Every structure is written in C-alpha cells, then in structure tokens.
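> Sequence:
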Amino acid sequence: MRVLCVAEKPSISKAVAGHLSGGSVQTHNTRNQYIKNYSFDFDFGQSLGQCAVTMTCVAGHLTHIEFTSEYKNWSYPPPDSLFNAPIVTSIHDDKKSMAKNLADQAKHARVLIIWTDCDREGEHIGQEIVDAARKGNSSIQVKRARFSNVERAHVLSAARRLVNLDEKQVDAVSTRIELDLRIGYAFTRFMTNSLRPLGGAMENLTLSYGSCQFPTLGFVVDRYFRVKNFVPEQFWSIKLLHNRDGKKVNFSWARSRLFDRMTTIIIYERCLAAKTAKITNVQEKPTRKFKPLPLTTVELQKAATRLLRMNGQQAMTIAEETDRFDKGMNLKALVQKQTPDQRWGQFAQSLVNGAFSQPREGRHDDKAHPPIHPITYAAPSVLNSDEGRLYEYVVRRFLACCSEDAIGMATNIDLQYGSEAFSAHGVIVLERNYLDVFVYEKWDNTAELPKFTRGETFQPTEALMTEGKTTPPDYLTEADLIALMDANGIGTDATMAEHIQKIQDREYVATIDRGGQTAEDVDDAHTEAQPTRGGRGRGRGRGGRGRRDSGTSGGRRGGIRVFVPTQLGVALILGYDRMDFDISLSKPFLRKEMELKMRAICEGQTTREVVLRESINQYRRVFMQTQERLDVLRAACREFVFAQPHR
DNA sequence: GCAAGGTC
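Position in the first sequence counted from 1, then plus 5, gives you this note's numbering.
Careful, some of the hints might be misleading.
Subject to a maximum C-alpha distance of 30 angstroms in a straight line, what follows is the list of computed DSS-like cross-link-like pairs (lysine-lysine) [what the hints assert, rightly or not]:
| id | residue 1 | residue 2 |
| --- | --- | --- |
| 1 | K140 | K100 |
| 2 | K105 | K77 |
| 3 | K447 | K252 |
| 4 | K447 | K342 |
| 5 | K290 | K244 |
| 6 | K280 | K244 |
| 7 | K244 | K294 |
| 8 | K294 | K447 |
| 9 | K105 | K140 |
| 10 | K140 | K253 |
| 11 | K280 | K77 |
| 12 | K101 | K507 |
| 13 | K253 | K294 |
| 14 | K100 | K19 |
| 15 | K597 | K14 |
| 16 | K173 | K100 |
| 17 | K173 | K592 |
| 18 | K105 | K41 |
| 19 | K19 | K77 |
| 20 | K474 | K507 |
Using C-beta positions, here's what the derived DEER-type ranges look like [stated by the list, open to error]:
| id | residue 1 | residue 2 | range |
| --- | --- | --- | --- |
| 21 | P83 | F594 | 23 to 33 angstroms |
| 22 | K474 | V387 | 45 to 55 angstroms |
| 23 | R139 | S74 | 45 to 55 angstroms |
| 24 | Q341 | E436 | 18 to 28 angstroms |
| 25 | S80 | R643 | 18 to 28 angstroms |
| 26 | S80 | R165 | 49 to 59 angstroms |
| 27 | L601 | G367 | 47 to 57 angstroms |
Think of the hints as simulated: they come from the structure by calculation, not from any bench.
The model shown is predicted, which means the values in this text are computed figures rather than measured ones.
For every residue, glycine included, the Cβ atom is placed at its ideal position computed from N, Cα and C.
Use the sequences and the hints to build the structure in full.
Below, the structure is given as structure tokens:
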C-alpha cells in the first residue's frame, strides 16, 4: 500500500522522513525550490501495515480567501457590502507548484497522513492539504499524526497511533480568516475613503483597520495618555537607618508612604519620642532564586528587545535560522555540545559532570512547538554580531534551565519604633548555580544584614522624615508591548512583531530613543514623525496603577526604544473612543471575544455558521454607527493632525 | 491599495 505524508514545513518533513525511514530514503526535487519528496518504506502497524511512503510538505497555508472581482473597487459597491460579499478560496501563484505536487503524489496513494503542527492553524493547513490532494485522488483516505516534537520515539509512536483531522478546529480557523478579511477590508476602505478628503498629510495615507493592529495601537495610545495626563502627587515617608558592624541597614516603613503631611509628622514625632527601637522578630529561612523557564518565542522576543537591543522581528528572523526541538530529546547530549566554548564551556562541563538538573515546566504548552534551545554548537566565528548575541542568549538560557536554582539564606528583621513597624530584608547567596552562566540576572539587590537579636533595643543611628513625588509610568518598550499583546491574546508569537511593524508603517506610531528624557524632550526630539503634542481625553491622571515613586525612576536607561503614537494614531483611537459605542474597536476585548468564540467552536458549543452570522451582524452594526458618526472621527483628525503649531 | 495567519 502507498501512503502520502504531508508536513507543514520542510524541516518537519525532513525530520519525520529521517525517523520513519531509519535512514534509507530517496530524495526527489519538486518544481518548488523549497519542497522535496522523500520516499521510503515504513511499517505503520495495525490497519495500514507495511507501506511505501512518500513524505512531502507545504510551506504554511496553501490557500487564501479573497473577494470576487466585482468587489475590487474601493468605493463601489460601498465597503459595507463586504460584510456579505461572496468570497472565493484560491491558491496563490507561488503555492501552485506545491498543490500540484500534492495532487500528483495523491494519485498513487491510498492514504493521506497529515503531519502539520498540532495547533489550530495546523489543523486548517491540514484541511487545505486534503483539498489539494483530492484534486488528484478524490477517494484518498485521510488520517492525521498527532505529535508535539520531532524526537524519534515520539514520531514513531505518532505514526502508529493515527487519529482523524479535527473539523471543529478547521472551522474555528476558517471563521477567523473570514471575519478578519471582511472586517479588515471594510473598515480599511471606509476609513481611507472618508478621511483622505481632509487633504494635506492625510491625502496619501492608507488608513487600515485590523483586529490585531488596532488594539496594538490602542495600547500605545493608552500609555501615552497615562504619561501625558499624569499628575504627580506628593508623599511623605519615614526613613530609618542603623549602623552596625560596619554595615548600614535600611529599615523600611510598614506603611511605605502617606499622602498626608500632617499625619506623617505626628507619627514621626511619636517615633522620635520613643527614642529606642525594639527588634520584634528575626527570621532566617532558606530561599532560592528560580532558574529561568525554558524559552518560548514570546520570551525570546522580549529578551531580545530588553537585553540585546534588537527588535522583535530581527530576533525572530535570526531565531528562525536555528530550529526548535523538544525536551523529549537527550538534553545532556545538547549540554555536552556546548563544552568547547570559551565563555560557557566550563559551566556546561560541570553540568555534564553531575550538576545537570531537569528544566522546570512552564504553563505554556502549545502542543506544537517545544521550547527554543540550541541544537548544535556554533563557534563565535560562524555567526555575525546579532546572530552571535542571540545565540549566546539562547545557549546561556538553555544551560541555566539545565542547572540548579540559586540558593541563599533570607533574613527578615522586624522592628518596632514608637507606634510604627519597620522591617529589613537581606539575603546571603550560598550557591550561585545557574547565575554563573545566566549573566542577564543578578541576585545582589539585597544586602547581607548584620546580626540582630529578638527583643534587643537600641537607639537608631538616623530617623528622617522624607518627602517625594510620584512619577509617571514610562512609555511602552517593545518588550512591554509584546507582553501586553501576549496577555490580551493579540496576534500569535509569530505575528506580534509584524503587527508592531504594521502600525509603524501606517504612521500610527513612531519609536524614539528614551535616554532619560522628559515627555517634552520626546516631543521636541521627534517632530518629523509628529508624535502627539497637547493631547487630552483619556488617561487615568492622578493615581492609578501606573504610578511610581520617584525613588524608583532610575530605570530609564539610555538607548532603549519606546513607542509613542503619532498625531494620526491618537486621532484614530480618540475618534473611535469618542463615538462611545458599546463595542470598542481600539481595545483588546473584541479580539478576546473572537478567541473565545473560536474555542467554543472547537469544543462543539457553537458552529462556524452561527459565529459568522453573529459576528458579522455585530461588526456591521458598529460599521453603520461609524458611518453615521463620521464627523466625530473627522473632527479628531482635524484636531490632532492639522491643528499643530509647526504645520 | 486593504486583514491575520502560516512559512521560505
């Protein structure tokens, strides 16, 4: 019997073919430069038994959907017609050779086995493969291999425990695809058509709406206004210092700070009147600093922007040149491969010699990809500078994952001074372990404390009443933005960087160098891309979560890029917000709702048809309301884009 | 010219 196996990408096809064939495999080129067909024999056991196998792949989605040609024009039929315009599925020109290959190979096969990634998109790609194969063999039988990594034993077991393609997941994805197309095209055409006539800077812009790009813009605008509308608040505190054994101990006040001066004075004077302080408790307990979790793509992007000063897209491009394999493999063998390195080889050797410890398990498991880790040793000379730094991070992180947590002894000292409680916290690092290789983390932010005994009294060296002002939050860094997108389900780990790029291309946001600048410096430094000046409206102003003490504002390092909205970005977000619909296009809720609906389809609680009908009606209503209140959007553009002193 | 999602 002949079987056709199809993976989602070349690397998986190659790896699976390698494992199933046991090494005896013939490779054939296809008309597509990326796609190879492998042929070999394999015993699937049970129903299929011994088979002649052809293993090949696609490269991501094979098809895309589009509106029929009558809907090409941006103004007629009017954009709202796109909510129910007919849609056709077609194969992009550069994918035709792949589809043809599948149809050709299917002709000789009785069974088709889908080896796409085991996530929702993978299930949909699987269905696209089935459709293409049936063009060549309409009666081909379809099975699916369920696997989460390409470790040999795991692949073999997946091949012998075939399941069926999950239609519900396929439906969930096709629902998402259709909604994104209809909503994105309708709003983009409408916004562009109706705001370009304002002329000037707006004349040549494409004003796009997308279910991911708009919430992403919303995050940037929201933070901008939190900074802009921030009102500093004065606070007062009590600082207690004591010198002992040549060490300076800083006791922090249990109340931290008060926003009322008189109250603080009264409390402070009570402390001074008491003269002596009494140690109420001394507690020592073992503590540890956890080693990092295995590396996810999102974490890699965050680390790349934060520690390595790359942007997320650069990091992804570089990281894709390595591959990602799973923990099912022999991790110690991977550690062993790192022993030749000048920088971390010795550390790797110590792990091999017995210090190895199984990595922690994080809560994210997409069942499709294992954590990122180095699969081979790359000498510094074979990588360019960016690649080298990223590779170094991946290796150090991996070695850290495979070593022990750092071990320390924590000391807590509680003290009573007048009516007030104070405490000091210290740590002695006993074993550095992973910290020796993971140079991106430190554990020296807490000092070693001198000896104190419970019940003892003493006169504190210094007791001061201090005052300070709260400071605004910082603008969003790329790492912040990725974290927000991740937390709100905006985009996937592979697309987040693209959405961030998109809102820059659209001139909705700009990046600026944050080197300890004030908001005013920021505006002056970037008049070219028109970051906003003089905004009003949103933001929480006084207080709220974004508030920080001035004492901790030292985190503004130079050279970090932060995101600020342009006038245009502010105008669009405020314009929609001021229409005050029950549904906000600028916030992540709609995307979250879409995610929930997809999940409901997967769980059989609703269907593709129901969700499409509901969501299209919902968005059409918002669209109609937007048309009716276009004046609000236009007014916002006039206010922010045109009413600028320098224009 | 327009979305978001795969991947090369």
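> May I ask which of the numbered hints given earlier this structure violates, with the numbers listed in increasing order?
Hints 10, 11, 19, 20, 23, 27 not satisfied by this model.
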